[in-house]
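Participant: Listed in order, the protein sequences are those of chains V and D.
Basically our numbering = 1-based index in the first sequence + 8.
Basically our numbering = 1-based index in the second sequence + 107.
Just so you know, the hints here were simulated from the structure itself, not pulled from any lab data.
Some clues are possibly wrong.
[Unchecked claim] Chain V side only, calculated, beta carbon under 10 Å to chain D, not exhaustive:
| id | residue |
| --- | --- |
| 1 | I32 |
| 2 | K143 |
| 3 | C192 |
| 4 | M653 |
| 5 | L693 |
Beta carbons: idealized from backbone N, C-alpha and C, even for Gly.
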Amino acid sequence: MQEFTAVGKRIPKLDAADKAAGRIQYIQDIKLPGMLYGKILYSKYPHARIVNVDTSKAKKLSGVRAVLTGEDIPVIKLGVYKDNTPLKTGKVRSYRDEVAAVAATDPEIAQEALSLIEVTYKALPAVFDPEKAMKEDAPLVHERHKTNILKMPWKLHYGDVEAAKKKAAHVVEDRFSTTWVTHCCMGTSGAVAEFDHTNNLTIYTNTQIPSLAQKDFLDTLKAMGLQDRRVRVVKPCLGGGFGSKLDTYAYENIAILLAYNTRKPVKIVFDRREEFIATSTRQPTITYISQGCDKKGNLLFRDISMILDNGAYTSWGATTPSVMMMPITTLYRVPNVRYEAKCVYTNNTYSQAMRGYGNPQATFAIESTMDMLAEAAGIDPVKFRRINANKPGDVSPQNFRITTCGLDECIDEVKKKLETQGPKEEGIGMGIASLIHVGGGARVYKSDGCGTILKMDDFAKVNVFTGASDMGQGADTVIAQIVAEELGLHMEDINVIHTDTDVCPWDVGAHASRTTFVAGNSALGAARKIKSRILEMAARQLETSAGELILRDRKILSKTHPDKQMDIGKLLRTVHFSHGGQMLMAEHFYDPANENLGRDFRGNLSMTYTFGTHGVRVKVDEETGKVKILKYVAAHDVGKAINPMLLEGQVYGGVMMGIGYALTEQVILEKGENMNPNFRDYKILTAKDVPIIEAPVRETADKEGPFGAKGIGEPGCVPTAPAIANAIYDAVGVRIKDLPITPERVLAAIREKKGLDHCGVELGKGGAEECIIEE
Amino acid sequence: MSQEIAFTLNGNETKVAIQDHWTLLHLLREELGLLGTKEGCGSGECGACTVIVNGDAVNSCLYLAAEVNGKKVLTIEGLATADGTLHPIQQSFVDNGAIQCGFCSPGMIMSAKALLDENPNAKLEDIKHALAGNLCRCTGYVQIFNAVKLASGYRYDAVKVVAWQSKDDS
Ligand code: FES
Ligand code: FES
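Chain V with its partners taken away, still in its complex shape (with noise of 0.2 Å):
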């Protein structure tokens, strides 16, 4: 084994201190000389012809430097499909649509010069309902594109799904939906937009993707006919991040033509309310499901066609489909898929990327008729699960290619910290359910690469430039491990720039549960350079071969001659201030060889996937319909845990996610409009409603991960609801099919399984209409 100093252990975050003494700095506390305030005035309609916007009053108010609407502004198109303006024009699609924006010397004046611009607007048929709205007679959220089913590719079949139904000894098939659910981080959306006197614009910006953001606001400037200008993307420090960060937005655009408009700096920061309204939400989706097994309980067939609520515009998030496919074709062993996915317009809020990405929504179905098959074939689930687990050296149907896989594993420590002796109590059950993640990269974009600048000081300290992003998970911190271990040197010894695109370098993203894996490689691949320049130059000082020496503790020491050793500090001394002087940079771009998805979906994605099993063990009361979770585990094979505290940290909060995904949250549209905008009628679950939670980790040391590690940020939540929904079967037999598991969905199903109406009343005795259902 080898003996590591700083990879596996527990050390606290970088910014940790100074973020517990109060003294970093969000988007909310930046501020800039002469910088103004903006805000948005959004629709009052889910769809309406915008026939007229005055603006002459909001004008006129003192302190209002610009009004802006989509009259005034370049053509500027936004998001993967480009079907998005900055500020509206024409018509509006949804309640979140931007119509007008202020900038102002102050917040309240802003606020107030939104009260007085008067917009008219002439009301359009709308649609809310994904399936009404891929009828033929469906209002066109978009005319230009005939029809609101988007013209997306999501179609996969793999084997001969038909052959194999027919020879199925069982089959179960079912619908499945979840809801709209959004990211709440706890620091709101915000930007603040800067030009330099030759038009060259510096954006402080909440993002997960600096780089691609970079390109995105370059192409903004090109539509505002500013040609040839610099774009620097300055990330502060993210109040959270959970996929909502991976586009980028109207509110970005309307900082940047208010602040080029106004020539000052331009500040826009979201309230709560705002928060929940205009940011993206996880898709709702609607799957129609069927699988079966051959009578040993073999996996023969899967069969899905879902429809995903789109909203009104397109962002990344309509790729979902793409990441689904992957627990969809390889989560178990299964030889015959077929997959159709269909996003569709409608006048809702549109959605986005969310932590799993299409993940948790796919395996909710998957992994609820894994159980419903695991009973018609009247096999124990645990085992059925066993059965058709994924083992090392398997490829996929899609050519995913496993190569460490610790699948039994979890799912055995999952059995053994769950079970319970004794006779099964009254309205108690387990449940579990299993994932797969990509774990190495993910090639969803051209390149999935991140590039690191290694530069070392006369004191043997490094700054270490990297295209990461850090939102709180830990990049960087494991970044600064990886690079620590790699030249011997402290964690204090380590710091690690990853906010600034004028000094990093590219990289595609924090999305995938990439950034461990892909950036980790990139920082240890610049390590190694540096490593083998400082051991060559050592072993020209100390006479010997560089195999000779290895890097520990600040110094350079023999393997074998324990009194040749030399300060590393010192060394790089010697070596700056002689003739012909050095000093030490690296720089290395990692891009892993995983693969695009060929035409027909094939690829190997990721370098590595990532494998989980969650249990969990809930109390239903059968008066209420209320859930307890009584215990929850969740075991990951992770390859290496290269920080064991920050990796449990992903998994609680991921699993803590995953409960409010099946139990709570919910953002409420009535046709179309957000009617819980705020934390107390959209419920993220608080301090007091946190169960046991075990995060057992198993370590395969995947030979690509750097040190053996592979991604583990978003699978924490990405079983949870289905082994819960598992566990509420085995306790009360009723399954719920639609997310968020209410209390009063658990308590209508226990009432139609025991015969009884909604109310509770025997079927036919009647008289019970009045009857209230207590939350």
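Given the coordinates of chain V, assemble chain D with the ligands onto it according to the supplied hints.
Facilitator: Chain D with the ligands only, in chain V's frame:
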């Protein structure tokens, strides 16, 4: 309407002219430049703005600035000692992974401080109760509980989750 108020802010006598409608959060952040206290919702639902007034944890986004006249206010900036040494609760948050994005941390730490000042032997249930008004989206709270427990007088054994070895790799 404006008025002048005098109060103790992080141990310093402070006199300042305020508008009647200002919240304490506004006074701290916008007028006094103490940016450590965060605004997560502005309406008493998230706890990011928690500060301690005369020993009690309060949501400064709801607390009128005028109300602190004559009182003692402690914010996150006032916890570390003059030489920069973090308060044991802050240090425990750092050491135990209780801070990810950190946006909730100042408020969370102030709530924990108010709790432990009052009940140095706080048990897990007390901690959950005291922090129920402080939302955190990153950590799942588990490591926050550990941090508070380890900073308290309450003896507690941290559950250290370690990698398990399967039979084949011994
Ligand atoms: S900002 Fe005060 S409670 Fe949220
Ligand atoms: S650490 Fe991010 S909200 Fe608590």
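Participant: Does each hint hold? Answer for all of them.
Facilitator: Here's how the hints hold up against the structure:
Against a cut-off of 10 Å between C-beta atoms, the interface hint on I32 of chain V holds, since the closest Cβ of chain D lies about 6 Å away. Of the supplied interface hints, the one on K143 of chain V is violated, with its beta-carbon coming no nearer than about 38 Å to a beta-carbon of chain D, more than 10 Å. Hint status for C192 of chain V relative to chain D: holds, with the closest Cβ pair at about 5 Å, below 10 Å. Restraint check, M653 of chain V versus chain D: the minimum CB separation of about 4 Å is within 10 Å; hint holds.
Hint status for L693 of chain V: holds, given a least beta-carbon distance of 8 Å to chain D, under 10 Å.
Of the numbered hints stated above, the single one contradicted by the structure is hint 2.
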